[in-house]
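Can you make the complete structure from the sequences, with help from the hints?
There are 4 protein chains.
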Amino acid sequence: MTDTLTRPETATDRIVLGPNQYGKAEVRVVKVTRDSDRHEIEDLSVSSQLRGDFAAAHLAGDNGHVVPTDTQKNTVFAFARAGIGSPEQFLLRLSDHFTSSFDWVQGGRWSAESYAWERISVDGQGHDHSFVRKGQETRTALVVADGAARHVIAGLTGLTVLKTTESGFAGYPKDRYTTLPETADRILATDVTARWRYVEGARDLDFNALYDDVKRLLLEEFTQRYSAALQTTMFDMGRRVLEAHPEIAEIRMSLPNNHHFVVDLTQFDLDNPNEVFFAADRPYGLIEASISREGQAEVPQAWEAATSFC
Amino acid sequence: MTDTLTRPETATDRIVLGPNQYGKAEVRVVKVTRDSDRHEIEDLSVSSQLRGDFAAAHLAGDNGHVVPTDTQKNTVFAFARAGIGSPEQFLLRLSDHFTSSFDWVQGGRWSAESYAWERISVDGQGHDHSFVRKGQETRTALVVADGAARHVIAGLTGLTVLKTTESGFAGYPKDRYTTLPETADRILATDVTARWRYVEGARDLDFNALYDDVKRLLLEEFTQRYSAALQTTMFDMGRRVLEAHPEIAEIRMSLPNNHHFVVDLTQFDLDNPNEVFFAADRPYGLIEASISREGQAEVPQAWEAATSFC
Amino acid sequence: MTDTLTRPETATDRIVLGPNQYGKAEVRVVKVTRDSDRHEIEDLSVSSQLRGDFAAAHLAGDNGHVVPTDTQKNTVFAFARAGIGSPEQFLLRLSDHFTSSFDWVQGGRWSAESYAWERISVDGQGHDHSFVRKGQETRTALVVADGAARHVIAGLTGLTVLKTTESGFAGYPKDRYTTLPETADRILATDVTARWRYVEGARDLDFNALYDDVKRLLLEEFTQRYSAALQTTMFDMGRRVLEAHPEIAEIRMSLPNNHHFVVDLTQFDLDNPNEVFFAADRPYGLIEASISREGQAEVPQAWEAATSFC
Amino acid sequence: MTDTLTRPETATDRIVLGPNQYGKAEVRVVKVTRDSDRHEIEDLSVSSQLRGDFAAAHLAGDNGHVVPTDTQKNTVFAFARAGIGSPEQFLLRLSDHFTSSFDWVQGGRWSAESYAWERISVDGQGHDHSFVRKGQETRTALVVADGAARHVIAGLTGLTVLKTTESGFAGYPKDRYTTLPETADRILATDVTARWRYVEGARDLDFNALYDDVKRLLLEEFTQRYSAALQTTMFDMGRRVLEAHPEIAEIRMSLPNNHHFVVDLTQFDLDNPNEVFFAADRPYGLIEASISREGQAEVPQAWEAATSFC
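Here the protein sequences come in this chain order: X, G, Z and S. First residue of the first sequence? That's 1 in our numbering, and the numbers climb one at a time after it. First residue of the second sequence? That's 1 in our numbering, and the numbers climb one at a time after it. First residue of the third sequence? That's 1 in our numbering, and the numbers climb one at a time after it. First residue of the fourth sequence? That's 1 in our numbering, and the numbers climb one at a time after it.
Don't take each hint at face value.
Quick list of in silico lysine-lysine cross-link-like pairs, BS3-like style, CA-CA up to 30 Å [claimed, not checked]:
| # | chain 1 | residue 1 | chain 2 | residue 2 |
| --- | --- | --- | --- | --- |
| 1 | Z | 215 | S | 174 |
| 2 | X | 31 | S | 174 |
| 3 | X | 215 | X | 134 |
| 4 | G | 174 | Z | 31 |
| 5 | X | 31 | G | 134 |
| 6 | S | 31 | X | 174 |
| 7 | X | 134 | G | 134 |
Rough simulated footprint, nothing fancy, chain Z against chain S, three-plus residues with beta-carbon under 8 Å [unchecked claim]:
| # | region |
| --- | --- |
| 8 | 66-80 |
| 9 | 112-122 |
| 10 | 127-135 |
| 11 | 153-161 |
| 12 | 218-224 |
Bear in mind the hints are in silico, worked out from the structure with no lab data behind them. Quick caveat, the model's predicted, so the values are computed rather than measured. Cβ coordinates follow ideal geometry from the N, Cα and C atoms, glycine included.
Rendered as structure tokens:
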């Protein structure tokens, strides 16, 4: 078989391997803690990807460094035996394991989605071992290892919010393609996707409590003040989080503007004082920004690893 | 253009039009009630389909009876101006409108998904005009008109529940293809899709309150007793609903068995006393049944209209 | 454990079990035939559901009749060892196996999606063992067993077609909610979902060749003539299939009207002679009908099993 | 309204706006060219996002620079009037328009998905104006404007390929979590997502012909040689593209390893010489790399814009 792996050297001398990573994606692990009759449940979809010296696999079919993705999956399950704790801490443990176990693994990315459950209420009491998926937003977590450094990025996606008034859009530039009328009263609706990066070196934070509080602040700030544009409201939401939490260095958001168009009912001899709306799917506005703490060093390699590879 | 519509009579004399329906699907209407500073929001995706004498359109390209699907959409928006109330009552009004407005419309199906919102909490108070999508199950509603009759079917989908213990599966028949070991302690998890049919003639019920109570009963009953099989638990859930609500004639459920496999950690020198599970996607068990009140006449045309056309 | 399964008889005497079925859904089986260097591939997602006497499981937690869904899955894989042949024939074999192996299994439904692959072309030749997913429509198949009877329903879904002209919509009734202008030149676009039922007793047909020909006829007929409405075109497509194939008793279609709206470019001082369109997602028209051979007995239990349970 | 926009200066002096962009996403434009009876169709979903000086909108609710996303949408439709040509050239025209029309727009990202149609065949001839969606991969295109520079990145996603033999995985490191057996004969299957970056300054290329040839090369190379790992095959695929096309500076791929597990049929007294496989969904391997031309300058800002924002 070996000879089938030989590559013509003349062909490779100009084509080179650049950034690369590999691993196992979407390992769905459910951890039940049953120390007492009152069970606890943690529900994660974990992805593990390694970075380091894997050139021989790409260039020569030599798998001597390729820790199998199947092994990465097994490791996720094995590590869950000792408990999850928080997604961030679970991913930190995984990152330490892989970078310390294999010399040629110099870094990687470990990410998780987690799904919240709440106890089913029976006679006003939360049940001991029966749960219903909360089903609101999905929590996300990401740890990027870059040598000894650890970048921890928490987040959420799919948190759908809407305000029925106190939002408008006016004062914008007009050109020959502009047909949008100005408005001082519209619906503002979006699905919040946010990621926040903790300050460097943060490992021993109470990530679960921080998550809950950031979610609370994002929701609360969304309700505040008249919204002159989704940009303004987004910035305010981010600023509020950063002001409340010095542990957080930066927050990024990607917010679709979920358009709700007032239906013209005059054609049916009806008025419509902003009461009946058509909620459109596509196209939609898309507003994205980073809001950060001044003087906090940029960490581009953290974001480069946080986003899609291509 | 007329001659292009002529069909060779010799060809059609043996091929006939059977059951048919048409309309507009997934009209997303958001109704804001702003009688006071404390706004209310209703959020529905409505589908309208007419049944009746539409043969000329199919056979001869004659649209004289074809109420445009665009008109059906407009009607949904116009009717929303006077308020939704409950999805069921909104659909009943639509069904009455179409069957009374056009002689040749003898029936139809009107269905809706609705999405629950809750007020964003600020300082422990629900905000007046800012909301977050609840995001748990989707509520469904269906009205089938068949001449003067109205069949009302309410439902929900995507209600994900799980119990970490008090579930097993044993005593089943074995054949040469059986490899499943018996168990007296497993995770039981499913995504509840349920539809319940109200007794004939029900029009003036408090459908919103009924919905909330049926959801509560389904959740509560899921927690009860040891589950010998998903079938048993499903039947109990349905029976509980029927026992509590004489307004309901029948309930149907479609429950995937969301398998959670205990991971074998002994290969890593770890025990696993039902604490670490792999949650699989596909394949999955699928358990479906109707549970009904004896002596309550079957209404097959209601279910035929409730399900997918083909 | 037994006593936990006891049900209060007083509660059950009025609540009864109705239609029910259960099994394993979406078993993804890939069969490679490698008799020679030129491999063949069949790729199916199979669902198996049994019907019969399963009341004890629902009512009393007695699994004595419950052939595990896991066993049904194993059987699918084991039966694939001898080859698939066609989805319809594979499902017929499964239906015969289950109804003959277990006295209390009186029927069931076996369905499949199948995914087409084509050989990757290298130097104009199809490769022996490398394939690319064709990726166009998904083929569907369904066998319903009802005692000794077998109903065979073939189909396809996701076949997206469009004609850029020779379509209009006019002559429809107007009411106060009508705003749609008539047109004699529009885009007609739809995603074809079709299912056709073979005549009773059909078992030894060349289902693969029939499938290919039905797809060809549906596509060809879509192109023919001026379309006065999607209804007319749909009926013609169905009629064409029935005229060509006496083995087919009935065909049902569910066709969304994928609206393409002409963009008003006059506001930008541009004309738009039906060249630039906005393709909308939702809402959409939805046109559904059965087209059948006169005198061919209706088989409602076949369609009831073909569609969603609730 | 102005005073509601005032922000407390003391709060903002430490929180700053970082990278940001905004626009309209997923504008679905269908362009029909009907110069003759033989129509042509182009079908794109276009997203437009602007970068530049938008701080006032974020910080002070001042929309003076905010070209509405609605205007961006209108511009897409208006520009389509003159034809698409290729997605890349259409996006280049959009990028030139926005950066030259508004002083404060210093760059942006314009991306498109495009969907291929083929003529419906009637009597062996492609029809003049009736089409069927090809339905295989989705073509992607991206133009990043950064001042005067234009980075052009083409790509595809959803190209599903499989080889039934000539693939293995062996020689990998083992640790306490390794359970995977080595194999010299397995199925190799993946869904190709690739993006390739054209050399700087490329504007007048025949992007459509290049697309077709890159797709052909990726498919062909996938078939070649024994695959010692997906990494090796991926590198070879990329190298082949770069060797054939000096216009391309770099190619990135993200390849899931779509696991096909051999089913153990011995438990049913059947052999299984790599003929019956279970195709799993999740988890899956995920292999990602950049392959580039040595000496070709890295262009990180192009990739940063190509990937998801957060």
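Handout entry: Annotated coverage of the region 66-80 of chain S by chain Z, confirmed only when three residues or more have a Cβ within 8 Å
Key = holds (count 4)
Exercise for the section: Quickly compare the C-alpha distance for residue 31/X and residue 134/G to 30 Å and report which way the hint goes. Expected result: holds (25 Å)
Problem - Given coverage of the region 112-122 of chain S by chain Z, checked by CB-CB distance under 8 Å (3 or more) - result: Coverage by chain Z holds here, the residue count being 4 at a Cβ distance below 8 Å.
Handout entry: Given pair status - residue 134/X, residue 215/X, alpha carbons within 30 Å
Key = Judged against 30 Å, a Cα distance of about 14 Å means the pair holds.
Handout entry: chain Z covers the region 127-135 of chain S, three or more CB atoms within 8 Å, holds or violated
Key = This one holds; 8 residues, not fewer than the three required, reach chain Z with a Cβ under 8 Å.
Handout entry: Coverage claim, chain Z over the region 218-224 of chain S, checked by counting residues with Cβ within 8 Å (three needed)
Key = holds (count 4)
Exercise for the section: Below or equal to 30 Å on CA atoms is what counts here, so check residue 31/S against residue 174/X. Expected result: holds (26 Å)
Problem - Holds or violated: residue 31/X to residue 174/S, with C-alpha atoms at most 30 Å apart - result: Given pair residue 31/X, residue 174/S holds - Cα atoms ~26 Å apart, limit 30 Å.
Handout entry: Annotated coverage of the region 153-161 of chain S by chain Z, confirmed only when three residues or more have a Cβ within 8 Å
Key = holds (count 4)
Handout entry: Straight-line alpha-carbon gap residue 174/G to residue 31/Z, limit 30 Å
Key = Roughly 26 Å separates the two Cα atoms, so the pair holds.
Problem - Agreement of residue 215/Z and residue 174/S with the hint, judged by alpha carbon distance not exceeding 30 Å - result: Distance ~51 Å between residue 215/Z and residue 174/S Cα, so the pair is violated.
Practice task
Mind checking the alpha carbons of residue 134/X and residue 134/G for me, to see if they're no more than 30 Å apart?
Solution key: Distance of about 9 Å is within 30 Å: holds.
Hint 1 from the earlier list is the only one contradicted by this structure; the remaining hints agree with it.
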